[in-house]
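Trainee: Chain residues, written in single-letter form:
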Amino acid sequence: MSAAASAIETGALVKRGSLRRSRRWALVWSYVFLIMFAVFFLMPPVYMLIMGLKTSAETAAMTNPWWVYHPTLDNFIALLTSRTYLTFFRNSAVISLAVVVISMLIAVPAAFSLGRMKFWGSTTLAAGVFLTYLVPDSLLFIPLFKIMAWVHEHTGITLLNRWWALIIIYPTLTVPFCTWIMIGYFQSIPKELDEAALIDGAGYIQMLTKIFLPVALPGIIAATIFAFTVSWSEFLYPMAFTVSADQLVLPVGIVTTLINGDVYNWGQIMGACLLGAAPPLIIYAFLMDYYIAGLTAGATKG
Amino acid sequence: MANGIAAQPPAVGAGRRMTMQKFMRRRSTTAFALALPLILLISGLVIYPALFAVYLSMLDRTMEHFTGLRNILFLLHFDTFWMVVEQSCIFAISAVFFKALIGFVTSHLVHNLPPKGQRKWRGMLLVPWVIPTAMSAIAWFWLFDPQYSAFNWILHKFGIGPIPWLGVTSWARFSVILVNVWYGAPFFLIMYLAALKSVPEQLYEAAAIDGASWWQKVWYVTLPMMRNIIAITMLFSLIVTFANFDIVRILTAGGPVDTTHVFATWAFSLGIQGNNIPMGASVSLFMLPILGVAAFFILRDINRRGSTA
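Quick note, the sequences are listed as chains D and F, same order. Counting with the numbering used here, you get residues 1 to 302 for the letters of the first sequence. Counting with the numbering used here, you get residues 1 to 309 for the letters of the second sequence.
Calculated directly from the structure, the hints in this document are not laboratory data. From a predicted model like this one, the values you see are computed outputs, not experimental measurements. We put the beta carbon where it would ideally sit given N, CA and C, even for glycine. One or more hints might be untrue.
[Stated by the list, open to error] Each pair of labels, with its calculated beta carbon distance range: (1) D:Trp164 to F:Ala253: 53 to 59 Å; (2) F:Arg300 to D:Gly203: 57 to 63 Å; (3) D:Thr81 to F:Phe74: 34 to 40 Å; (4) D:Val39 to F:Gln273: 33 to 39 Å; (5) D:Val151 to F:Trp82: 35 to 41 Å; (6) F:Pro146 to D:Thr81: 49 to 55 Å; (7) F:Phe174 to D:Gln206: 56 to 62 Å; (8) D:Gln206 to F:Trp215: 35 to 41 Å; (9) D:Ala196 to F:Phe97: 46 to 52 Å; (10) D:Asp74 to F:Ile93: 25 to 31 Å; (11) F:Phe174 to D:Trp164: 37 to 43 Å.
[To be verified] A partial selection of chain D residues facing chain F, derived with a Cβ cut-off under 7 Å: (12) Val28; (13) Ser30; (14) Phe37; (15) Val46; (16) Phe76; (17) Ile77; (18) Pro109; (19) Met117; (20) Val175; (21) Leu193; (22) Tyr204; (23) Met207; (24) Phe235; (25) Ala240; (26) Gly276.
[Unchecked claim] A short list of chain D residues far from chain F (calculated; beta carbon distances all over 10 Å): (27) Ala57; (28) Thr72; (29) Leu73; (30) Thr81; (31) Thr132; (32) Leu144; (33) His154; (34) Glu192; (35) Ala202; (36) Ile211; (37) Leu217; (38) Met239; (39) Val255; (40) Thr257.
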């Protein structure tokens, strides 16, 4: 009896030992593969940095492309003192900030109304908002281009080749998804909260500003980040609607102005890409959890 | 509440109902007013342009004469058009497939790690999604460059000859898909990781007691539990990938000889660069069927979720 019991025990021990060992191997393999994926995923930004630190002479000498022998900050200094590049940066920054403000001003009240107040057709509208998010910019840029030309013909207001005109267009990219995120957040707030507010005699606007905004703050941060990153990286609309160097935003500016002529100054181009990618990367580094919450909200909430 | 009203004397009940009605009316007016900017934005800058695109596609090149379906018929007899259709499908389907595959694998790898390290890895692996695509596409362009190419330099060390990454149709198609997968896979990783976290641990324990192997756990527990999120993520990604513009535009601009054009880039080069707006509009309208199918499934999903909630 006791012999059998001890046999079982040793058996269990062996089993447990092998289990632990196999789990450790699984972990080791996980790390091996993750490192491979990380190398693949991080290669372009690292390469931007490597190239940004090189002089044109070093690039042209075709030495090891993965190593910098004489690192220099000249490219970055040249960029940060270049009027053209700073203009791109300013255009991008002003547009993105304005679009964030406009998007939130439209999306938050609308989400409150669709998610909490309900009116005739509000459910259809909520679904419609989500469908609008799926209408891609590549379907709308041609009619929008034509509409902008038409506005110019009939009112004399020039919208084409004006960077500020993008402030009017970009909310089509940001507002639907921001509204959708906010609907999800507002709906997750307990019903008792607004009943209590109504009993205390609060109006709907007060209810929104005093109760819902503070409670849904994480959602607002997530939506703000989303709106900012989308407007910062939008490429098709500015590519189609703006041409002159002083009207361009960063992504288009780097592609069209820095790459012209026969001489590619790749060190500067890569440095420009890295500096241009910095604002979203910095926001992401500090507010990663909100960023990811906004990302997953689309499919898991609502 | 209804019972409470019914139990009260009729006169009071009627008065109550009156204010109730007024209250409801005011409430819905406020609600409508709050949603009005959204409605105006969507109808003015999304629905109207979409319908306007349909009208534009029916004009001739000068945009003065109405030609009906002539542009569409022209496209249907145009070889380049069918090549673009084919390439768009190859591009979108294979890119979404590999994004989903890499996302699935990496999400499991990250999920395997001790909880403390997960955050760090997740943060690192999402970086491609955060960098604006236009900028990372330029970095890729330079990595692919035949003369200074960082890839060919490594391959050369192994004695493999220079690969024309963007210069030959097959390699160029491969390259644009590779970059799209690189950009989109982290999104799948995040979605699948969130889904994995929501699978109750007891299910795996029950499976382990029943003697399920690792594969069986994935096949019978993980996949069924993640089915919804896999479907909806792939659907989203299919739409976005189908409508992709920046990667192809920057890497190849459609070349060599139009073989890597997708709908968006071809519409751009016909409509904006070629100054044939009606033709560009017609090309971009061919994206509608795909969007319609995806919209149908997504709406069904939303409705189903709405009814269970």
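Trainee: Now, for every hint given, state plainly whether the structure supports it.
Mentor: Going down the list of hints, with the structure as the test:
1. D:Trp164 to F:Ala253: 53 to 59 Å: violated (28 Å)
2. F:Arg300 to D:Gly203: 57 to 63 Å: With Cβ atoms ~37 Å apart, the hint is violated.
3. D:Thr81 to F:Phe74: 34 to 40 Å: violated (51 Å)
4. D:Val39 to F:Gln273: 33 to 39 Å: With Cβ atoms ~37 Å apart, the hint holds.
5. D:Val151 to F:Trp82: 35 to 41 Å: Taking Cβ atoms as reference, Val151 (chain D) and Trp82 (chain F) lie about 36 Å apart, which means the hint holds.
6. F:Pro146 to D:Thr81: 49 to 55 Å: violated (33 Å)
7. F:Phe174 to D:Gln206: 56 to 62 Å: holds (58 Å)
8. D:Gln206 to F:Trp215: 35 to 41 Å: Given about 57 Å between the Cβ atoms, the range is violated.
9. D:Ala196 to F:Phe97: 46 to 52 Å: Between Ala196 (chain D) and Phe97 (chain F), where Cβ atoms are some 50 Å apart, the hint holds.
10. D:Asp74 to F:Ile93: 25 to 31 Å: Hint violated: Cβ distance 45 Å, outside 25 to 31 Å.
11. F:Phe174 to D:Trp164: 37 to 43 Å: Holds: the Cβ-Cβ distance is about 40 Å, inside 37 to 43 Å.
12. Val28: violated (10 Å)
13. Ser30: holds (4 Å)
14. Phe37: holds (5 Å)
15. Val46: Cβ of Val46 (chain D) sits 9 Å from chain F, so the hint is violated.
16. Phe76: violated (15 Å)
17. Ile77: Hint on Ile77 (chain D): violated, closest Cβ of chain F at ~20 Å, above 7 Å.
18. Pro109: holds (4 Å)
19. Met117: holds (4 Å)
20. Val175: Cβ of Val175 (chain D) sits 6 Å from chain F, so the hint holds.
21. Leu193: With a minimum Cβ separation of about 16 Å from chain F (threshold 7 Å), the hint on Leu193 (chain D) is violated.
22. Tyr204: At 5 Å from the nearest chain F Cβ, Tyr204 (chain D) passes the 7 Å test, so the hint holds.
23. Met207: violated (10 Å)
24. Phe235: holds (4 Å)
25. Ala240: holds (5 Å)
26. Gly276: Cβ of Gly276 (chain D) sits 5 Å from chain F, so the hint holds.
27. Ala57: Given that every Cβ of chain F is farther than 10 Å from that of Ala57 (chain D), nearest at about 13 Å, it holds.
28. Thr72: holds (18 Å)
29. Leu73: Non-interface label on Leu73 (chain D) holds, nearest chain F Cβ at 19 Å vs cutoff 10 Å.
30. Thr81: Thr81 (chain D) is indeed farther than 10 Å from all Cβ atoms of chain F, at 20 Å.
31. Thr132: violated (5 Å)
32. Leu144: Violated: least Cβ distance 5 Å, not greater than 10 Å.
33. His154: holds (15 Å)
34. Glu192: About 15 Å separates Glu192 (chain D) from the closest Cβ of chain F, which puts it past 10 Å; holds.
35. Ala202: Non-interface label stands for Ala202 (chain D): nearest chain F Cβ at 13 Å, farther than 10 Å.
36. Ile211: The assertion about Ile211 (chain D) holds, with a minimum of 15 Å to chain F.
37. Leu217: holds (19 Å)
38. Met239: violated (7 Å)
39. Val255: violated (6 Å)
40. Thr257: Label holds. Min Cβ-Cβ 12 Å, cutoff 10 Å.
Checked against the numbered hints given earlier, this structure breaks hints 1, 2, 3, 6, 8, 10, 12, 15, 16, 17, 21, 23, 31, 32, 38 and 39; the rest are met.
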